[in-house]
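**Student:** The lines below spell out each chain.
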Amino acid sequence: MSAILLAEQVGRVLPGEVPVTLVQDVTLAVEHGEFVAIMGPSGSGKSSLLYLLGLLDTPTSGRILLDGQDTSGFGEDELATTRLEKLGFVFQFHFLLAEFSVLDNVLLPMRRLAVLAENVARQRAEHLLDQLGLREHWHKRPHQISGGQRQRAAIARALANDPLIILADEPTGNLDTRAGANVRQILHDLTREFGKTVITVTHDLTFAKAADRQIGIVDGLIDPKWRM
Amino acid sequence: MSIQLGIALTHLIHRKRSTLVSLIGIVLGVAFFLAVSSLMRGSERDFIKRLIDNSPHITVSDEYRNPAIQPAASRWPDGAVEVRRVKPLNEVRGIRGHVQKLAFIESLAGLRAAPTLVGSVVLTFAGRTQGVTLTGAIPAKMKQVSTIEEKLIDGSLDALAANANGIIIGVGLARKFELSMGSVLNVASPTGQVRALKIVGIFRTGNASYDETQTFVALKRAQSLLDRPNRINRLIIQLDDPYTARDVAAQIEARTGYKSVSWLEASEDLMSVLFVRNMIMYSVVSAILVVAAFGIYNTISTIVMEKTHDIAILKSMGFHARDVRRIFLAEGVILGLIGSALGLLLGVGLMALLGQVEIKPPGATELVHLPIYWGYEQYLIAAGFALISAMGAAYLPARKAGQVQPVAILRGMG
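Chains as they are written, first to last, in the numbering used here: chain A, 0 to 227; chain B, 328 to 741.
One or more of the hints may lead you astray.
With the Cβ distance kept under 8 Å, some of the chain B side facing chain A (calculated, not the full set) [to be verified]:
| # | residue |
| --- | --- |
| 1 | T474 |
| 2 | E476 |
| 3 | D650 |
| 4 | L737 |
I should point out that these hints are in silico values taken from the structure, not numbers from a laboratory.
Computed from a predicted model, the values in this text were never measured in an experiment.
Each residue gets a CB set at the ideal place from its N, CA and C atoms; glycine is no exception.
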């Protein structure tokens, strides 16, 4: 297996009168189809690391290679295009657009990428929602469905453009136990059955245990001695 | 439909109230713009039309712009000799070679010319006398260059051709002398001739002085009365496009040598006043649209603020900054387009309504409609300005939206 995502001595410092170090000297390789859980106490920099790995933020030192491509020279537009084509995000909050139906929300990334014809994209979105058990909720608006259903819709949206990697930031953090278990199962299945690579930040121990690998972050550094 | 436009429309549709308020701003702005512009331009055109219609577009008279140079002065330009008490030749005045000059003028495209002989005579009737201006004209040609035929309330210009002793007078003079159609009055010329002429037409222009002092007879009659056989002293020219008058006048003057005055030259001061008036009018009505643009700015700014999370998620999903900018610019364009379209409709309605208004100006005898100008360029200016204001108003919030950093928003939420 080859590293699909490679971080080399990545650091991120917020500039200011008193510079704040969010992440420092992180070197990390994620293999294709791997399920990685990033853990750590609050404010340890795990979300910041996820944003860097997801190309939402750019490191102030080091570099990130995605799918063998060095992203350090990328401008904002190139980074956005890379995110659109290769990455999918699931956040603690579903962040579905309130005015759009569940189906339209899932269609958004496909419409922006504009590779699939509208009817093909629609079929794909319906298929994704179907697989995630949202068959009857296509035409509902986000506020008309439950929290767990919304998070599943967000996962469907993250999968829309068939990304290489799904990055999840505490995807179960805002859900009740049952819905959380459901979302956990889905992300787990994605790696096992569909060969997706999943990197998730989580506090959820059960979730982390199911992962192939757990990475502990303390004070912005990978803690090699970190144990659950 | 592009995804950006779809999102823009969805935003607007879900904010009906503020969308409606900013739309109303643009609609009223465009409508008032049109109403005021059509009135101002209408009155301007009405004014110019009167100016153009009631005065010849070009008048060629038997005068020169500069006095003729004396032979001695051209022989010795540095002139050590000054010839005093030079008395000009006693000549029969008029445009020399007018047949050829008229033929040349008529060879130019897009104009009609009429030769006239203008002089002063004294009218006497029932012991009363009045000095008037007598214009000798060929009715068939005069009709093409003057609106006098339309102003006749009785009789016709052609009657002058039929009756060599006919005269057409104004309604003011008729009232003053208690004359009516068929009355016969005596006309005395400066050369001493007296002729009895019969009234074959009465006109009313609305200009009291004109109606009292102008009279028309056949050209031949004027030539004999004024003792200037085969002479004319004025060429009246009417153009298809009055705004070419200046060029055509210059062309005629260069060729004939006689002074040719265009209506533009004759009323230059008025034209510059009208121009300034238009500038003021457009500044004021544009201000209405600028105010309306603030409504759009307000609406779109609010949407951008409310939708920061949506913008963050769109950008994290892979939307470029310019995609996001386009969403909000599109909202401005949509508001501008719909607002202009409705505003144009309302404006046209207002214009039609204003066009129905009848007023009686002080001193006038008849009701007149407010002059409304229906020219299409006003719609273009109004809609174009509304659209530009709307886009300008949308630009600032759109730029702000494009600058949203998803990480900053996500961090705040986490």
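**Student:** So, for every hint listed, does it hold in this structure?
**Tutor:** A quick look at each hint next to the structure:
Because the beta carbon of B/T474 sits about 63 Å from the nearest beta carbon in chain A, more than 8 Å, this interface hint is broken. Evaluation of the B/E476 hint against chain A yields a violated restraint, the C-beta minimum of about 68 Å exceeding 8 Å. Hint status for B/D650 relative to chain A: holds, with the closest Cβ pair at about 7 Å, below 8 Å. A hinted interface residue such as B/L737 counts as satisfied when its beta carbon comes closer than 8 Å to some beta carbon of chain A; here the least separation is about 7 Å, so the hint holds.
When held up to the earlier numbered hints, the structure conflicts with 1 and 2 and fits the remainder.
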